[in-house]
Every structure is written in C-alpha cells, then in structure tokens.
Amino acid sequence: MRYKRVAAVAMMASLALSAAACGKEGNPTPSGGNASGGAQSDQCTTSGVTFTPKTDVNVAGSPTFQKIKSAGKVTIGVKFDQPNLGYKDAQGKRCGFDVEMAQYIAGTLGVDPAKIEYKEIASANRETAIKGGEIDYYVGTYSITDKRKNDVSFAGPYFVAGQDLLVRKDDSSITGKDSLKGKKVCSATGSTPIQRVRDENLTEPNNIVEFKTYSECVSQLLDKKVDAVTTDDAILKGYAAQNPDELKVVGQPFSTEKYGIGLPKDDKALRDYVNDQIEAAFKDGTWQKIYDGTLGKSGSSATPPQLERY
Amino acid sequence: MAEFLRVLTDNADLFREGFFNTVKLFLIAGVGSLVLGMLLGAMRVSPVPALRAFGATYVNVVRNTPLTLVFAFLVFAVPKLDVNIDYFPSACIALTLYTAAFVCEVVRSGVNTVATGQAEAARALGMTFGQVLTLIVLPQALRAMVPPMMSVFIAMLKNTTIAAGFSVLEAGAIPAYMSERGEPQFAVLLWITIGFLILVLPLVALQRFLERKWAVAR
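Quick note, the sequences are listed as chains R and H, same order.
According to numbering that gives the first Met the number 0, the first sequence is numbered sequentially starting from 0.
According to numbering that gives the first Met the number 0, the second sequence is numbered sequentially starting from 0.
Hints are supplied without guarantee of correctness; some may be wrong.
Claimed, not checked - What the simulated footprint calls covered on chain R by chain H, stretch by stretch (three residues with Cβ under 8 Å from a Cβ of chain H suffice, anywhere in the stretch; the number is not a length): (1) 92-101; (2) 164-177; (3) 217-230.
Claimed, not checked - To spell it out: a stretch of chain R is covered by chain H in this simulated footprint if at least three of its residues, at any positions, have a beta carbon under 8 Å from a beta carbon of chain H; those stretches are: (4) 115-128; (5) 182-190.
It is worth saying that the hints were derived from the structure and are not from the lab.
Note that beta-carbon positions come from the ideal geometry of N, C-alpha and C, so glycine has one too.
Generate the whole structure from the sequences, applying the supplied hints.
What follows is the structure, encoded as structure tokens:
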C-alpha cells in the first residue's frame, strides 16, 4: 500500500510538472526587425575610415588588456537594431557610428577589425555582461550615469545626444515635449526616456506605450497606434533616415545623454588609455569622419564633445 | 541586506504598479480562460461531431502556437486590418485565448476519468442530460481537474510576464526599469521571484482547500 502511495505521488508530481511545462512559455523574444527589416532598403553606410591595428601596444596594469592580448581577439558588446548607430544589415555586416567607434578602439588596442567578436547585448543586461567578463567593452548608446558607475566604468563621452521625438511626417500637432498631452508616446520598456515622460507627466499614464525594441515602436507609429516615439535623437535620426517619406524628427531635444564606452569597473588603466585614444580621434579628425559617414547622413552636423575623465 | 531592502523601498511605486497589473491581468485572463476553456472542453466531449471537431482544431492550433506569437499577432498584425485594440485588452485576449486551450484539455481529461458506464447507468435510471451532468459526471470530474487546473493557472500567472514585451507595465517589465535606474539586477530579480512566490501561495492554498473539500475515501 505504502509503495503504491509513493508511486502515485511521484506520478502526480511529474504530471503536474509536465502540465506546467506545457503552459510555460519560452523567453519573450523581441520580434524586432518589424520596421527595420523587410521591404525598406537596408543601406549600410560606412565612413570609409580604415582601422589599422596598432603594433607594440601595452596597457600596463590592465587585466582586460592582458585578456585581449592573450586571446588575440576582442569581444565587444553592441546594439544591432539601431540604423546608423549600431546596426547589423541583411548581409550580416555591422555598421554605424557606435560600431565604427568600437572598431577604432579595437584597432588602438592592437586588434585587427577582423578579429572582433561582436555580442548583441540588450540594454538591461549591459552591466551584467561587463561585470561577468562576457564582453571586454561595450559601445552602444550607453549613457554615463552615476548609478551605473557603481557597476562599470566609462570612457568618454564620445558623443552627446538628447531626448527627442519621432513623429509621422504629416503630423504637425507635436512640436516638442509640451505638446504630448493626449498623445500616445512609445519607447523601449523602462528606458530613461520613457521614465522621464512618466515622471514629468508629459502625457497621461495610459498613453505610455512600451516595447522591447525601438523598431517595434516605429512599426506602431507607422500603423498609427502611437503618435510619437521618444528616445535619444541619434537613434531617432537613424529611423527617420530609413523612412524619410513618412517620418521626421521634431528636433527639440529636452535632455542630455552622454554616451560612454562601458568598461570593467576596476580597470582604470584601460579607461585612461581608451580616453587618450578617444581624444586622439577627436583631434586628428577620425571622429569627424566617422560621424559624417554615419549619423551625419541624416543631415545634422556635430562636433566632438568634451571628455570627462575620472 | 540593507541594500537588498533599499532596492524594494526606493522603488516601491514601481513594484506596486507592476505587481498590481500582473494580478489584474491574471484575474481577467483567469476568468476569461476558465469560461472559454470550459466551453471548449464541453465541445470536445459533446455528442455533436461538428463541435468536437471545432474544439479539437482550436486546441491543436492554439496550444501549438508560442504565446509570444499570439501576442505579436494581436499587437502587430491586427492593426494592419484597421482594428485597433488597446495594449492591455490585447494582453488579456492573448492570455485568455492561449490558456483556454490548456483549460479545455484539463476539463476533457477530468470528464474522461468518469467511466462511460456511469453516465449510461444514470441514463438508464431515467436521469435527464442535465441531471447526469450535475449529479454524476461533474462531481467526480471536478475532483480530478483540481491539480492540473492549478498547474495551468500557475503557469498562466508566470506567462503574464510576456505582456511586458507588448506594452503592459507588469512585473516582467520591472527589471528593465530597474536596470535603467542603475539598481543591482540580482536584488531586483530576487524581489520579483519573491513577489511571484507570494502570488502563487493563494493558488496553492486554494488547491489544498478544494482537494480536501472534494476528497473521498477510495
């Protein structure tokens, strides 16, 4: 009898488990590429700058550099769904401002661009990936904040962006952040821009729309389910350039986002070295060439920002 | 430890709103899928072949579709047909449609535990269809349905987190917010786990209660 009961319990447990397994759904994968893929032209513009790896590089006291040197390759965290910034085109080619900055830095560390291993890291996982050593550094619209400095460190800023609005071209009712009341505003889930919209009551709470990726927001904008997409102007300009007949950027930025290169927190030697290299790129015109060949194609110009060493 | 508690107290508003929406989604989709699932289950065991075929087709199609796809269909494909459903109702509909398929199977398996001979015997005694159902089949079937049904609902509770990817601010969206606020992910995820454990407890208690209530000496 006793044996029977134990067997019954074991069977029920396994049944319950399998039922749960049936109902349990896998990871919510972002169905990205709704707007960016498909019919639109996947132009992958490059600045034409060639990055030749430096020889005889040494960054004394940098564990990350030692790791890169002994492996003979560098692992860089990037974005893949931001046209003209961090983008992977239909042929699998990576391009954009952030990607070229990443390649430039890899070159200064003595790594051939062909030896770069790219990892697509979602915004929410950036600190974890850097801390866990999954990537050597991260270049992808990574805003420098004090909170993040608790987990990682930043070289840069190498670019300064600001929060702006992307709207349908025929929409003249949205002129800036104060005309958003009653409009549906979309951005990436939990992103700083959408938290700002919420905190400053720029629109009603039930008009706030959040998706995993910006391309999903842009798809909703084209389908008229939302009225504006908000995030850093750099990202928005990339989408506007992809679809210039239907979309436009309002052009009234209302924040300052300083993009830095995410590095392991305790590696000050590497941070100083990367800062030196960014400064060199500012001075010798490499930065300008990269910008003009990528984000500059959207028609707006920019100058190198001020480095903030610490 | 203090740091761990601070993560919760500093972001209490977000946790409250997130879990409130999770519960709201769960309750609405729970009632919806229970009703729809019962209907489908009734169809699958009904004597009408057309209804049986419909029930079977529904279960086979929906149960084999990833939930993310059901969401994506409602949020990205339906607007192309000029039908505009808001995001929260979309999430409720997606969860209801999906979970109903599982509820249906639980109902069917529950009914199948009652031997056909019993229903035949009841009919032979002159009971009506309603009487056979309410006096003979359902009391026994319900008992067998409780444990798997609870598993389905616990799974559904966790499935609500998929709505975070489709513009519903629920518990699944909290990590993204917190990472942007620079909070340590480990503490955040642990708090969310604790939150879900707390939400599951009433379901487990309900299962215990129902099992005891309907227990019979065998």
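Hint-by-hint comparison with the structure:
1. Only residues whose C-beta sits within less than 8 Å of a C-beta in chain H count toward coverage, and the segment 92-101 of chain R has 0 of them, not enough to reach three; the restraint is violated.
2. With 0 residues having a beta carbon nearer than 8 Å to a beta carbon of chain H, the segment 164-177 of chain R misses the requirement of three or more and the stated coverage is violated.
3. Remark: the segment 217-230 of chain R is confirmed as covered by chain H, as 5 of its residues place a Cβ nearer than 8 Å to a Cβ of that chain, reaching the required three.
4. Remark: the segment 115-128 of chain R is confirmed as covered by chain H, as 6 of its residues place a Cβ nearer than 8 Å to a Cβ of that chain, reaching the required three.
5. Counting residues of the segment 182-190 of chain R whose beta-carbon sits less than 8 Å from any beta-carbon of chain H gives 5, enough to reach three: the coverage restraint holds.
Taken one by one, the earlier hints fail for this structure at numbers 1, 2, listed in ascending order.
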